[in-house]
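Asker: Listed here are the chains, written in short residue letters.
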Amino acid sequence: MAEVQQQEGQDKGKHKKVRAKKASTHIDMTPMVDLAFLLLTFFILTTTLAKPKTMDITMPVKDEIEDEQRTKVPASQTMSILLTENDRIIWYMGMDDPTQPPETNIADFSVTGANSIHKVLLERNKLVIDLVKMVEDSVAAGLIPNKEEEIKKHKAAVKAAEKRGLIVLIKPDDKSKYKNLVDILDEMIVTNVGRYAIVDLSDSERELIKNASAN
Amino acid sequence: MPKIKIPKKSPSLDMTPMVDLAFLLVTFFMLTTKFRPDEPVVVDQPSSVSEIPLPDQGVIMLTVDKNGRVFFNVEGQQVRRDILERLGKRFNIEFSEEEKKKFSLLSSVGVPSNNLKEYLSATDDQRKAMNLATPGIPTDSLNNELSVWVNAARNAAPRNSIAINGDRDADIPTIKRVIATLQDNKANRFALITNLESE
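So the sequences go chain by chain: A and B.
End of the first sequence sits at 215 in this note's numbering; the numbers just go up one at a time, nothing left out.
End of the second sequence sits at 199 in this note's numbering; the numbers just go up one at a time, nothing left out.
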């Protein structure tokens, strides 16, 4: 880099013409560069570029609805997922009936394990998953414009229109963690379950959990 | 043997391109950085596959830490001031102009109403200690102060969206109470803040 050259000891001949000093055009930029790098390091270290992501959920309006007005859902399509302590899942098909305890199954949050809830959901919701795949196929075939919004719209429409798809009731136990709830909601997105709700546990289901944990 | 003479070269080299780049980067980082005020609680969000980004502004954030303490946060000084005035009316607390100013500059707040005045007049160090000791905003059904907070926020900023920022180890009963409180205040659409899955 350049340095400021100072010319000294040149004033011997006093009677010479006064000339404008030829100053060098170079300036020592080192301090400025030092400062620039200091700032750069500071901003790099303090910036967090990863923005948090969100998951939208819609809860039903809390209103007193008469039992007759409630939407009836077919028991054969209904799956209850009970989230219990230690990341364990208990699930069963059909309705919660205190007089006839349903047959329960145990699952976990792994993706490939033997008891994976992911596998169960993929299997039970095959109908809708196939329909969503068809949407993807028609995108590939050029029937649907390859735009993210368009694809999303079609997928949502398919999921909502298919009345035979799986309906999932998510019932977190008091001992489960928030993480479990988010994980299962995540699983709903991954396995294209269009209809799901977060529901409170009933007494008979608490009993089910107790029995399942005892075994 | 003749000595090998190394030609005398000037040790200086042209640093201009490097400096240009450095300044470019400095400018970029300066413009993209947003300084966040000190968050009183550290929250480790659960991961998910969801890719919807959190809106930049206009979010009413309810933070639930791993001990189940609830904190409230919203951005915007005018909105915060408005919320505090509404809270004051509901809790019958008279807030001074200084306290209102302080509140509008803070971030998450999670103290019961009877400690609120004390919290706002405390020094920064005292406030830090209070943040560690506070039980959070009460959510139990007998004394649901969170409902008052949410109500005030909904009235002060009706267009704001609501997000729950829960720790992965937060307990379900608290989360359920927070959700029920939101439902009570007719806020049926909200977001859960998550991290992008990294596997």
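Simulated from the structure, these hints should not be mistaken for lab results.
Check the hints yourself; a few may be wrong.
[To be verified] With a straight-line Cα cutoff of 30 Å, these simulated DSSO-like cross-link-like pairs (lysine-lysine) come out:
#1 B:5 with B:101
#2 A:21 with B:8
#3 B:101 with B:117
#4 A:152 with A:175
#5 B:101 with A:152
#6 B:66 with A:51
#7 A:159 with A:51
#8 A:133 with A:175
#9 B:34 with B:101
#10 B:34 with A:175
#11 A:155 with B:101
#12 A:22 with B:117
#13 B:66 with B:8
#14 A:51 with B:8
Asker: Now tell me if each hint is right for this structure.
Answerer: Hint check:
1. Proximity of residue 5 of chain B to residue 101 of chain B is assessed by CA-CA distance (about 73 Å); at most 30 Å being required, the pair is judged violated.
2. Between the alpha carbons of residue 21 of chain A and residue 8 of chain B the distance comes to roughly 28 Å, so the proposed pair stays at or under 30 Å and holds.
3. About 13 Å separates the Cα atoms of residue 101 of chain B and residue 117 of chain B, which keeps this hinted pair within 30 Å; it holds.
4. With a C-alpha separation of about 35 Å, the suggested pairing of residue 152 of chain A with residue 175 of chain A is violated against the 30 Å cut-off.
5. Annotation: proposed proximity of residue 101 of chain B to residue 152 of chain A is violated, straight-line Cα distance about 44 Å (limit 30 Å).
6. With a C-alpha separation of about 21 Å, the suggested pairing of residue 66 of chain B with residue 51 of chain A holds against the 30 Å cut-off.
7. As the CA atoms of residue 159 of chain A and residue 51 of chain A are separated by approximately 29 Å, the hinted pair is consistent with the 30 Å bound.
8. Between residue 133 of chain A and residue 175 of chain A the alpha-carbon distance is near 37 Å, which puts this suggested pair outside the 30 Å criterion.
9. Taking the CA atoms of residue 34 of chain B and residue 101 of chain B, the gap is near 21 Å; set against the 30 Å cutoff, the hint holds.
10. For the hint pairing residue 34 of chain B with residue 175 of chain A, the CA-to-CA distance comes to about 38 Å; that exceeds 30 Å, so the pair is violated.
11. Under the criterion of a C-alpha separation no larger than 30 Å, the hint pairing residue 155 of chain A with residue 101 of chain B is inconsistent with the structure, at around 48 Å.
12. Proposed proximity of residue 22 of chain A and residue 117 of chain B is contradicted: the alpha carbons are some 69 Å apart, above 30 Å.
13. For the given pair, residue 66 of chain B sits about 66 Å from residue 8 of chain B by alpha-carbon distance, which is inconsistent with the 30 Å threshold.
14. Note on residue 51 of chain A and residue 8 of chain B: the hinted pairing is violated, with a Cα-Cα distance of about 53 Å set against a maximum of 30 Å.
Checked against the numbered hints listed earlier, the structure breaks hints 1, 4, 5, 8, 10, 11, 12, 13, 14; every other hint is satisfied.
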